[in-house]
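Counted from 1, the sequence shown has number 124 at position 124 by this note's numbering; the numbering is strictly sequential.
In case anyone wonders, no lab produced these hints; they're calculated from the structure. Among the clues, some could well be false.
[Claimed, not checked] Calculated pairs, EDC-like style, for lysine to aspartate or glutamate (alpha carbon to alpha carbon, straight line, at most 16 Å):
| # | residue 1 | residue 2 |
| --- | --- | --- |
| 1 | Lys232 | Glu64 |
| 2 | Lys19 | Glu7 |
| 3 | Lys151 | Asp172 |
| 4 | Lys162 | Asp80 |
| 5 | Lys87 | Asp24 |
| 6 | Lys151 | Glu139 |
| 7 | Lys34 | Asp80 |
| 8 | Lys174 | Glu230 |
| 9 | Lys9 | Asp27 |
| 10 | Lys16 | Asp35 |
| 11 | Lys34 | Glu53 |
| 12 | Lys88 | Glu184 |
| 13 | Lys88 | Asp35 |
| 14 | Lys232 | Glu53 |
| 15 | Lys46 | Glu64 |
| 16 | Lys49 | Asp35 |
Predicted, not measured: the structure shown is a model, and the values here were computed from it.
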Amino acid sequence: MGGVTVEIKDVLVDGKTKKVYNTDQSDQVIIEYKDTLPAKFEPKKKSAKGKGELACAISAFLFEYLENYNVPTHFLRRRDNTSIEAKKLDMIPITVHIWNLATNNLASRFGLEEGQPLEYPIIEFYLKNVELNNPMINEYHAYALGLCDRKEYTNLLRIATKVNAVLKSFFDRKQLKLASLQLEFGRSGHQVVLGDDMSPDTLELWAVNEDGSYRDLGYRGMKDLSIYQEIKNRILGEK
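Sequences are here, hints too, so could you generate the full structure?
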(Lines of atoms letter the chains of each structure in order from A and count residues from 1; the text may use other names and numbers.)
(Lines give C-alpha, C1' and ligand atoms only; values in the text may rest on other atoms or scores of the structure.)
Protein backbone atom coordinates (compact mmCIF):
# COMPACT_ATOMS: atom_id res chain seq x y z
CA MET A 1 0.00 0.00 0.00
CA GLY A 2 1.11 3.52 -0.76
CA GLY A 3 0.54 4.90 2.73
CA VAL A 4 -0.86 8.26 3.69
CA THR A 5 0.24 11.06 1.35
CA VAL A 6 -2.73 13.45 1.59
CA GLU A 7 -4.97 14.48 4.46
CA ILE A 8 -8.78 14.36 4.60
CA LYS A 9 -10.59 17.70 4.72
CA ASP A 10 -14.32 17.06 4.37
CA VAL A 11 -16.88 14.80 2.68
CA LEU A 12 -17.42 15.50 -1.01
CA VAL A 13 -19.92 12.70 -1.75
CA ASP A 14 -21.48 10.14 0.59
CA GLY A 15 -22.81 7.39 -1.66
CA LYS A 16 -24.32 3.99 -0.96
CA THR A 17 -21.16 1.92 -1.37
CA LYS A 18 -18.42 4.57 -1.26
CA LYS A 19 -17.61 7.84 0.49
CA VAL A 20 -15.46 10.43 -1.30
CA TYR A 21 -13.44 12.99 0.65
CA ASN A 22 -11.81 16.24 -0.37
CA THR A 23 -8.16 16.44 0.68
CA ASP A 24 -5.53 19.06 1.34
CA GLN A 25 -4.53 18.63 -2.32
CA SER A 26 -7.20 20.27 -4.49
CA ASP A 27 -6.67 17.83 -7.37
CA GLN A 28 -6.91 14.65 -5.28
CA VAL A 29 -9.63 12.79 -3.38
CA ILE A 30 -9.79 9.84 -1.03
CA ILE A 31 -12.35 7.14 -1.85
CA GLU A 32 -13.45 4.95 1.05
CA TYR A 33 -15.21 1.65 0.30
CA LYS A 34 -18.12 0.90 2.62
CA ASP A 35 -19.43 -2.41 3.91
CA THR A 36 -22.81 -1.61 2.33
CA LEU A 37 -23.93 -4.10 -0.33
CA PRO A 38 -25.05 -2.71 -3.73
CA ALA A 39 -28.81 -2.57 -4.26
CA LYS A 40 -28.56 -3.97 -7.80
CA PHE A 41 -27.71 -7.40 -6.39
CA GLU A 42 -30.87 -7.35 -4.25
CA PRO A 43 -29.00 -8.72 -1.23
CA LYS A 44 -30.87 -10.17 1.70
CA LYS A 45 -28.45 -8.27 3.90
CA LYS A 46 -27.88 -4.55 3.53
CA SER A 47 -24.26 -4.65 4.68
CA ALA A 48 -21.55 -7.14 5.55
CA LYS A 49 -18.48 -6.54 7.68
CA GLY A 50 -15.31 -6.71 5.58
CA LYS A 51 -16.99 -6.05 2.24
CA GLY A 52 -15.35 -2.62 1.92
CA GLU A 53 -11.88 -4.12 2.38
CA LEU A 54 -12.50 -6.80 -0.26
CA ALA A 55 -13.96 -4.29 -2.74
CA CYS A 56 -11.02 -1.93 -2.19
CA ALA A 57 -8.44 -4.67 -2.78
CA ILE A 58 -10.12 -5.84 -5.99
CA SER A 59 -10.68 -2.33 -7.32
CA ALA A 60 -7.11 -1.17 -6.62
CA PHE A 61 -5.68 -4.27 -8.30
CA LEU A 62 -7.82 -3.88 -11.42
CA PHE A 63 -7.16 -0.15 -11.77
CA GLU A 64 -3.41 -0.84 -11.62
CA TYR A 65 -3.83 -3.68 -14.12
CA LEU A 66 -5.66 -1.42 -16.56
CA GLU A 67 -3.02 1.29 -16.18
CA ASN A 68 -0.45 -1.27 -17.34
CA TYR A 69 -2.44 -1.46 -20.59
CA ASN A 70 -2.36 2.32 -20.98
CA VAL A 71 -5.95 2.81 -19.87
CA PRO A 72 -6.15 6.27 -18.25
CA THR A 73 -7.77 6.03 -14.80
CA HIS A 74 -8.21 8.20 -11.73
CA PHE A 75 -6.35 5.72 -9.51
CA LEU A 76 -3.19 6.96 -7.79
CA ARG A 77 -2.48 4.52 -4.98
CA ARG A 78 -4.06 2.37 -2.31
CA ARG A 79 -4.13 4.30 0.96
CA ASP A 80 -5.11 1.60 3.45
CA ASN A 81 -7.31 -1.50 3.69
CA THR A 82 -10.53 0.29 2.73
CA SER A 83 -9.54 3.40 0.77
CA ILE A 84 -7.62 4.64 -2.25
CA GLU A 85 -6.25 8.00 -3.32
CA ALA A 86 -7.41 9.20 -6.72
CA LYS A 87 -7.40 12.16 -9.07
CA LYS A 88 -10.31 14.51 -8.52
CA LEU A 89 -12.43 14.36 -11.66
CA ASP A 90 -15.12 16.48 -13.22
CA MET A 91 -17.50 13.55 -13.57
CA ILE A 92 -19.45 13.01 -16.80
CA PRO A 93 -23.01 12.06 -15.70
CA ILE A 94 -23.19 8.96 -17.89
CA THR A 95 -23.02 5.30 -16.87
CA VAL A 96 -21.73 2.95 -19.57
CA HIS A 97 -23.16 -0.56 -19.22
CA ILE A 98 -21.52 -3.32 -21.26
CA TRP A 99 -22.85 -6.87 -21.57
CA ASN A 100 -20.90 -9.90 -22.79
CA LEU A 101 -23.59 -12.33 -21.62
CA ALA A 102 -27.34 -11.77 -21.76
CA THR A 103 -28.11 -11.40 -18.07
CA ASN A 104 -30.74 -9.75 -15.91
CA ASN A 105 -32.85 -7.09 -17.60
CA LEU A 106 -30.99 -7.36 -20.92
CA ALA A 107 -32.14 -10.96 -21.26
CA SER A 108 -35.73 -10.12 -20.33
CA ARG A 109 -35.91 -7.04 -22.58
CA PHE A 110 -34.81 -8.92 -25.68
CA GLY A 111 -36.21 -12.37 -24.97
CA LEU A 112 -32.78 -13.98 -24.62
CA GLU A 113 -31.82 -16.93 -22.48
CA GLU A 114 -30.25 -15.95 -19.17
CA GLY A 115 -26.47 -16.28 -19.49
CA GLN A 116 -26.53 -16.58 -23.29
CA PRO A 117 -23.16 -15.51 -24.78
CA LEU A 118 -23.39 -12.49 -27.08
CA GLU A 119 -21.61 -12.52 -30.44
CA TYR A 120 -20.64 -8.90 -29.86
CA PRO A 121 -20.66 -6.87 -26.63
CA ILE A 122 -23.78 -4.75 -26.19
CA ILE A 123 -23.03 -1.22 -24.98
CA GLU A 124 -25.71 1.02 -23.49
CA PHE A 125 -25.52 4.51 -22.03
CA TYR A 126 -27.58 5.82 -19.12
CA LEU A 127 -28.01 9.31 -17.73
CA LYS A 128 -26.97 9.37 -14.08
CA ASN A 129 -30.10 10.91 -12.60
CA VAL A 130 -31.93 8.95 -9.91
CA GLU A 131 -34.95 11.29 -9.97
CA LEU A 132 -35.46 10.41 -13.65
CA ASN A 133 -34.78 6.70 -13.02
CA ASN A 134 -31.47 6.85 -14.90
CA PRO A 135 -32.95 6.80 -18.44
CA MET A 136 -31.15 5.19 -21.35
CA ILE A 137 -29.62 7.73 -23.74
CA ASN A 138 -27.60 7.77 -26.96
CA GLU A 139 -24.82 10.04 -28.18
CA TYR A 140 -27.25 12.67 -29.49
CA HIS A 141 -28.85 13.00 -26.07
CA ALA A 142 -25.35 13.46 -24.66
CA TYR A 143 -24.63 16.33 -27.05
CA ALA A 144 -28.06 17.98 -26.79
CA LEU A 145 -28.07 17.83 -22.98
CA GLY A 146 -24.52 19.14 -22.76
CA LEU A 147 -23.21 16.03 -21.00
CA CYS A 148 -20.10 15.80 -23.18
CA ASP A 149 -18.87 16.82 -26.62
CA ARG A 150 -18.18 14.58 -29.62
CA LYS A 151 -14.48 14.16 -28.87
CA GLU A 152 -15.20 13.22 -25.26
CA TYR A 153 -17.90 10.77 -26.32
CA THR A 154 -15.53 9.15 -28.82
CA ASN A 155 -12.82 8.81 -26.17
CA LEU A 156 -15.30 7.53 -23.60
CA LEU A 157 -16.52 4.81 -25.98
CA ARG A 158 -12.97 3.91 -27.02
CA ILE A 159 -11.79 3.53 -23.42
CA ALA A 160 -14.90 1.58 -22.40
CA THR A 161 -14.41 -0.86 -25.28
CA LYS A 162 -10.74 -1.32 -24.37
CA VAL A 163 -11.52 -1.84 -20.67
CA ASN A 164 -14.01 -4.55 -21.59
CA ALA A 165 -11.56 -6.31 -23.91
CA VAL A 166 -8.65 -6.18 -21.42
CA LEU A 167 -10.74 -7.38 -18.48
CA LYS A 168 -12.49 -10.12 -20.48
CA SER A 169 -9.11 -11.57 -21.40
CA PHE A 170 -7.83 -11.25 -17.83
CA PHE A 171 -10.84 -12.92 -16.25
CA ASP A 172 -10.85 -15.71 -18.85
CA ARG A 173 -7.42 -16.71 -17.53
CA LYS A 174 -8.87 -16.81 -14.01
CA GLN A 175 -11.72 -19.13 -15.03
CA LEU A 176 -14.20 -16.27 -14.71
CA LYS A 177 -16.50 -14.80 -17.35
CA LEU A 178 -17.09 -11.05 -17.38
CA ALA A 179 -20.87 -11.10 -17.83
CA SER A 180 -21.34 -7.32 -17.59
CA LEU A 181 -19.75 -4.19 -16.20
CA GLN A 182 -20.72 -0.61 -15.45
CA LEU A 183 -18.22 2.18 -16.04
CA GLU A 184 -18.11 5.87 -15.21
CA PHE A 185 -15.79 8.54 -16.57
CA GLY A 186 -14.65 12.02 -15.75
CA ARG A 187 -12.41 14.80 -16.96
CA SER A 188 -8.91 15.30 -15.62
CA GLY A 189 -7.91 18.54 -17.30
CA HIS A 190 -8.72 17.95 -20.97
CA GLN A 191 -8.43 14.17 -20.72
CA VAL A 192 -11.28 11.68 -20.30
CA VAL A 193 -10.31 9.03 -17.74
CA LEU A 194 -11.94 6.01 -16.13
CA GLY A 195 -13.24 6.75 -12.65
CA ASP A 196 -15.53 5.33 -9.98
CA ASP A 197 -15.04 1.66 -9.16
CA MET A 198 -13.68 -1.67 -10.43
CA SER A 199 -15.08 -4.10 -7.85
CA PRO A 200 -17.92 -6.66 -7.83
CA ASP A 201 -20.15 -3.70 -6.96
CA THR A 202 -19.97 -2.75 -10.66
CA LEU A 203 -18.72 -5.97 -12.30
CA GLU A 204 -20.83 -9.09 -12.76
CA LEU A 205 -18.70 -12.21 -13.01
CA TRP A 206 -19.76 -15.78 -13.74
CA ALA A 207 -17.68 -18.89 -13.06
CA VAL A 208 -16.47 -21.05 -15.95
CA ASN A 209 -17.28 -24.74 -15.49
CA GLU A 210 -14.99 -27.58 -16.57
CA ASP A 211 -17.11 -28.17 -19.68
CA GLY A 212 -16.76 -24.52 -20.72
CA SER A 213 -20.28 -23.50 -19.70
CA TYR A 214 -20.90 -20.54 -17.41
CA ARG A 215 -22.36 -20.48 -13.91
CA ASP A 216 -23.88 -17.48 -12.17
CA LEU A 217 -21.97 -16.94 -8.94
CA GLY A 218 -25.25 -16.04 -7.25
CA TYR A 219 -25.08 -12.30 -6.62
CA ARG A 220 -28.82 -12.00 -6.21
CA GLY A 221 -30.01 -12.74 -2.73
CA MET A 222 -26.46 -13.33 -1.55
CA LYS A 223 -26.19 -13.97 2.18
CA ASP A 224 -22.47 -13.39 2.77
CA LEU A 225 -19.21 -12.21 1.24
CA SER A 226 -18.16 -15.52 -0.29
CA ILE A 227 -18.54 -14.14 -3.83
CA TYR A 228 -16.32 -11.14 -3.14
CA GLN A 229 -13.80 -13.36 -1.36
CA GLU A 230 -13.74 -15.92 -4.18
CA ILE A 231 -13.19 -13.21 -6.80
CA LYS A 232 -10.40 -11.63 -4.77
CA ASN A 233 -8.71 -14.99 -4.27
CA ARG A 234 -8.85 -15.79 -7.97
CA ILE A 235 -7.60 -12.50 -9.34
CA LEU A 236 -4.92 -11.94 -6.70
CA GLY A 237 -3.83 -15.57 -6.70
CA GLU A 238 -4.65 -16.08 -3.03
CA LYS A 239 -5.98 -19.18 -1.30
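Structure-based check of each hint:
Between Lys232 and Glu64 the alpha-carbon distance is near 15 Å, which keeps this suggested pair within the 16 Å criterion. Note on Lys19 and Glu7: the hinted pairing holds, with a Cα-Cα distance of about 15 Å set against a maximum of 16 Å. In summary, the hint linking Lys151 to Asp172 is not supported, as the alpha carbons are separated by about 32 Å, beyond the 16 Å threshold. Restraint check for Lys162 and Asp80: not satisfied, since their Cα atoms lie roughly 29 Å apart, outside the 16 Å limit.
For the hint pairing Lys87 with Asp24, the CA-to-CA distance comes to about 13 Å; that is within 16 Å, so the pair holds. A hinted pair counts as satisfied when its Cα atoms are at most 16 Å apart, and Lys151 with Glu139 qualifies at roughly 11 Å. Taking the CA atoms of Lys34 and Asp80, the gap is near 13 Å; set against the 16 Å cutoff, the hint holds. Among the hinted pairs, Lys174 with Glu230 is consistent with the structure: their alpha-carbon atoms are about 11 Å apart, no more than 16 Å.
Proximity of Lys9 to Asp27 is assessed by CA-CA distance (about 13 Å); at most 16 Å being required, the pair is judged to hold. The straight-line distance between the Cα atoms of Lys16 and Asp35 is roughly 9 Å, inside the 16 Å bound, and the hint therefore holds. Between the alpha carbons of Lys34 and Glu53 the distance comes to roughly 8 Å, so the proposed pair stays at or under 16 Å and holds. A distance of roughly 13 Å separates the Cα atoms of Lys88 and Glu184; the hinted pair therefore holds under the 16 Å criterion.
This hinted pair does not check out: Lys88 and Asp35 have alpha carbons roughly 23 Å apart, beyond 16 Å. Proposed proximity of Lys232 and Glu53 is supported: the alpha carbons are some 10 Å apart, at most 16 Å. Proposed proximity of Lys46 and Glu64 is contradicted: the alpha carbons are some 29 Å apart, above 16 Å. Between Lys49 and Asp35 the alpha-carbon distance is near 6 Å, which keeps this suggested pair within the 16 Å criterion.
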